[in-house]
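Put together the whole structure using the sequences plus the hints.
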Amino acid sequence: MGSEAMPSKGATSASRLTPHASPWRWLPVWQRNFMVWRKLAGPSILGNLADPLLYMLGLGYGLGQFLGEVQGVPYLTFLAAGTLAYSVMNSASFETLYSAFSRMHVQKTWDAILNTPLTLNDVLLGELIWATSKSLLSGLAILLVIWVLGLYADFGLTLWLLPVIVLTGLTFSGLGLMVNAVAPNYDFFLYYFTLVITPMVLLSGVFYPTEALPAWLGALADLLPLTHAIGLARPLVLGQWPEAPLLHALVLLAYAAAGFLAGLALTRRRLLR
Amino acid sequence: MSPLILKGLTKRYGATPVVDDLSLEIAAGRCHGLLGPNGAGKTTTLRLALGLIEADAGEIRLLGHRLPREAAAARQRVGVVPQADSLDPDFSVRENLLAYGRYFGLSRRETEARIPALLEFAGLSNKAEAKVPTLSGGMKRRLTLARSLINDPELIILDEPTTGLDPQARHLFWQCLRRLIQQGKTLLLTTHFMDEAERLCDRISIIDHGRIIAEDSPRALIERHIEPHVVEVFGEGLADWVGCGRSLCQRCEQAGETLFCYTDEPTAVTEAIDRQGGLRYLHRPANLEDVFLKLTGRDLRE
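As they're listed, the protein sequences go chains A and B. If you want the working numbering, it's the 1-based position in the first sequence plus 324. If you want the working numbering, it's the 1-based position in the second sequence plus 976.
Careful: at least some of the hints might be erroneous.
Which stretches of chain A does chain B cover? Using the computed rule of at least three CB atoms under 8 Å from a CB of chain B, they are [claimed, not checked]:
| id | stretch |
| --- | --- |
| 1 | 358-368 |
| 2 | 423-434 |
Below, a list of computed lysine-lysine pairs in the DSS-like style, where the Cα atoms sit at most 27 Å apart [claimed, not checked]:
| id | chain 1 | residue 1 | chain 2 | residue 2 |
| --- | --- | --- | --- | --- |
| 3 | B | Lys1116 | A | Lys432 |
| 4 | B | Lys1116 | B | Lys1103 |
| 5 | B | Lys1107 | A | Lys432 |
| 6 | A | Lys363 | B | Lys1116 |
| 7 | B | Lys1107 | A | Lys363 |
| 8 | A | Lys363 | A | Lys432 |
| 9 | B | Lys1103 | A | Lys363 |
| 10 | A | Lys432 | B | Lys1270 |
Everything labelled a hint here was simulated from the structure, so no lab data went into it. No residue lacks a Cβ here, since even glycine has one placed at the ideal position from N, Cα and C.
Here it is in structure tokens:
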């Protein structure tokens, strides 16, 4: 180690720094996660994409033979929109629970970032957008299958599924960050999946129309975010414009915002007090 | 102007003050040590100084910025070596630096231009592509130090940077810190290794129960608080000799089976020990650890 080996940078650094009020302050956090993802993309893609596809095709073809048509379309077509929303939800949830928890709690990645000019707002916004990006990928994979297998009535309408995927991803990323903020360990997430996600999947019309539910359960289902994601996605696949699209979108946005803001406040209490 | 000024800083958790009306001013271009037992408030003081947590009372000026309001701008020019390992285990050495540069708004090109010198500085030039889990503890610490320099900081804050390292790795780490001091960087260092503080720091604040209880250069602290010689006496028949020891030196402290004799006249003490027979002793110059134990007590902080 020669004494001249130290970087002599001095004046060069100050001028080119991220402006403190820039709307892109979250981007380095996103880029960091992307860099890791690129290295581990193989198993990640398999887990996030292949699993829902197998379910959709297995149930769609297998169970579909016994069911015949559901809501006037083959069961596989009916199932496609549910799988799309379900897959996006799962992907966003896993990323903001298990993966974000390991960055926050195990690897102390967030602590390291908080020692730089970035703040907790930047970190969580980066994580929110990252998890949404990953869930977009999951949604796109299902959408691709919908296109390839021709499980749609009107191609133009299926393009509207893109914003639906993003909105659904945002919703479950926001909610996931809230749950992550209060998790003492990985086991805690099992409660969320078993007590929240799984009942929601069964109630919100992934596998069968919510009309099949008793009235009181149907009313409960109307409160769940996944119901609203499917309320947007299913008509778009079946070639109709959704009923009350604004209402669905607003409910999803409200869940996303409430989850994210609660997650921010709870994480601040956890890490910065 | 001082890179870091803390004035009347107080931070309470519940009713307990962890930092209690603490004031501190560190000199530019020097290494300032923050010494204290576990739970004395060292890490909380650093977190306050970085604007990561808000004080209940007091003022903080970091590189001229008022905290916590201007914390992000201030941290742009600060490097931090945290206590816990926070390197990215999925990244190589080089990728760790690349990702960290982005948090300061550095472009990939700028960061890449800085990496070779930083690796050279940290003795990691041949490890650029190595994954973090394959590095030794010392290498990880030096990489964390290199990472803290990615933004060419004026002030580097280190929280117990050599805890858990073997002597070779500690000495290598100290060499790195000395070079930073030579280059005119300001260092703020917490440690509970007295030899580390004595070797590196120009000035030391001893902190306990959230307050600074002594502050000076290491030598001045020793001269002011402790007699120049220490004779540690132990072995068969110590109990009978304690009275004799107490009569011979300015101050005595018994800790378990050892009597610490602090004195200006060590010869009188060692001669008395030799006359007694059966006792053994270690005669050494007083050091910072003696000051520390005198000021913060010998009780365990657990």
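Results of checking the hints against the structure:
Counting residues of the stretch 358-368 of chain A whose beta carbon lies closer than 8 Å to any beta carbon of chain B gives 4, which meets the minimum of three for the stated coverage. Look at the stretch 423-434 of chain A against chain B: 3 of its residues bring a Cβ nearer than 8 Å to a Cβ of that chain, three or more, so the hint holds. With a CA separation close to 14 Å, the supplied pair B/Lys1116 and A/Lys432 stays within the 27 Å bound. Of the supplied pair hints, the one linking B/Lys1116 and B/Lys1103 holds, its CA atoms being roughly 11 Å apart against a limit of 27 Å.
The hinted pair formed by B/Lys1107 and A/Lys432 meets the criterion: a straight-line CA distance of about 17 Å does not exceed 27 Å. Simply put, A/Lys363 and B/Lys1116 have alpha-carbon atoms about 21 Å apart, close enough for the 27 Å limit, and the pair holds. The suggested pairing of B/Lys1107 with A/Lys363 holds, with an alpha-carbon distance near 12 Å, which does not exceed 27 Å. Proposed proximity of A/Lys363 and A/Lys432 is supported: the alpha carbons are some 20 Å apart, at most 27 Å.
As the CA atoms of B/Lys1103 and A/Lys363 are separated by approximately 19 Å, the hinted pair is consistent with the 27 Å bound. Under the criterion of a C-alpha separation no larger than 27 Å, the hint pairing A/Lys432 with B/Lys1270 is inconsistent with the structure, at around 36 Å.
Of the numbered hints stated above, the single one contradicted by the structure is hint 10.
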